[in-house]
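So for the sequence shown, this note's numbering puts the first residue at 5; every next one is plus one.
Computed spacing ranges between beta-carbons, pair by pair:
id: 1; residue 1: G61; residue 2: D149; range: 23 to 31 Å
id: 2; residue 1: P31; residue 2: A244; range: 27 to 35 Å
id: 3; residue 1: A97; residue 2: P31; range: 33 to 41 Å
If you are wondering where the hints come from, they were derived from the structure by calculation, not from laboratory data.
Think of the CB as a built atom: it goes at the ideal place given N, C-alpha and C, for glycine as much as any other residue.
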Amino acid sequence: MPVARQPRRTAVVTSHIWPSGGRHLWPSGETSPVQSHPRGHLVYAASGVLAVHGERGTSIVPANRGAWTPAGFTHYHRAHGDTDMRIVFLAPALARLMPDHPAVFQTSSLAREVLLELTGPRNYDGSAPDRGRAARARLLRVLVDELRDAHEQPLHLPTPRDDRLRAVARMLSETPADNATLAELGRRIGASSRTLSRLLRNELGMTFYEWRTQVRIYHALVLLAEGHDTIHTAHACGWANPSGFIAAFTTVIGTTPGRYRSGRQGL
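Based on the sequences and whatever the hints tell you, model everything.
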């Protein structure tokens with residue numbers, strides 16, 4: 005059964021972009037054009053939930069995570085809930101210290117403050133004096149050091165290459181509450197559970213349970229950003245009771261759905 009969506013809230017689209025970064029204020033549902041950049045960049049959702057759709061999958065960026073996209077990777081952004089997106093471009097010397105693939109990192113309190121400072125109003129005109137540019141360079145190095153010390157988070161949904169896995173992915177995405185086993189899903193598309201398990205391990209490096217949990221957490225983040233409560237979100241995403249959902253959500257995101265929805269991420 006399709007998940008009911010909350011009425012779309014209205015918000016003014018506002019952008020401030022300069023060579024080293026920028027800020028977008030997007031209403032829920034807003035989508036950027038497909039694009040790629042000559043420099044790698046970090047995006048951070050100061051509020052709302054951001055999805056970064058790329059050629060290798062989708063990175064989910066709730067308000068306590070940052071997403072890294074290397075130079076040259078084709079991607080687009082989508083806002084879930086009214087979203088305050090910050091973006092910071094890295095020079096090649098710093099980008100080389102980051103992963104060579106899209107990744108999501110938990111943002112420490114320090115990393116958050118650095119990101120907000122680097123994308124704050126004083127940077128809008130891009131004409132900072134030499135002292136300001138030196139301070140910015142130091143902040144960028146602090147940010148990269150903080151992210152390198154953080155573990156990559158399991159919030160990247162890889163895109164399967166095999167047509168059979170793609171078919172299963174569509175079913176999981178369209179009906180996240182469906183509790184069909186891998187064998188049952190396989191019968192719908194004409195593939196055995198053994199074959200699908202092997203493909204999951206070889207292509208995505210995870211089990212079916214891990215994959216489905218990631219898909220469900222993604223949908224849960226979207227529903228919470230759109231204003232749905234914990235009980236509705238739990239049932240809409242396939243958990244039989246809210247306590248199981250809260251435990252799974254907290255394990256992946258690092259805070260409870262209630263605290264996340266109210267904006268208290270413990271940062």
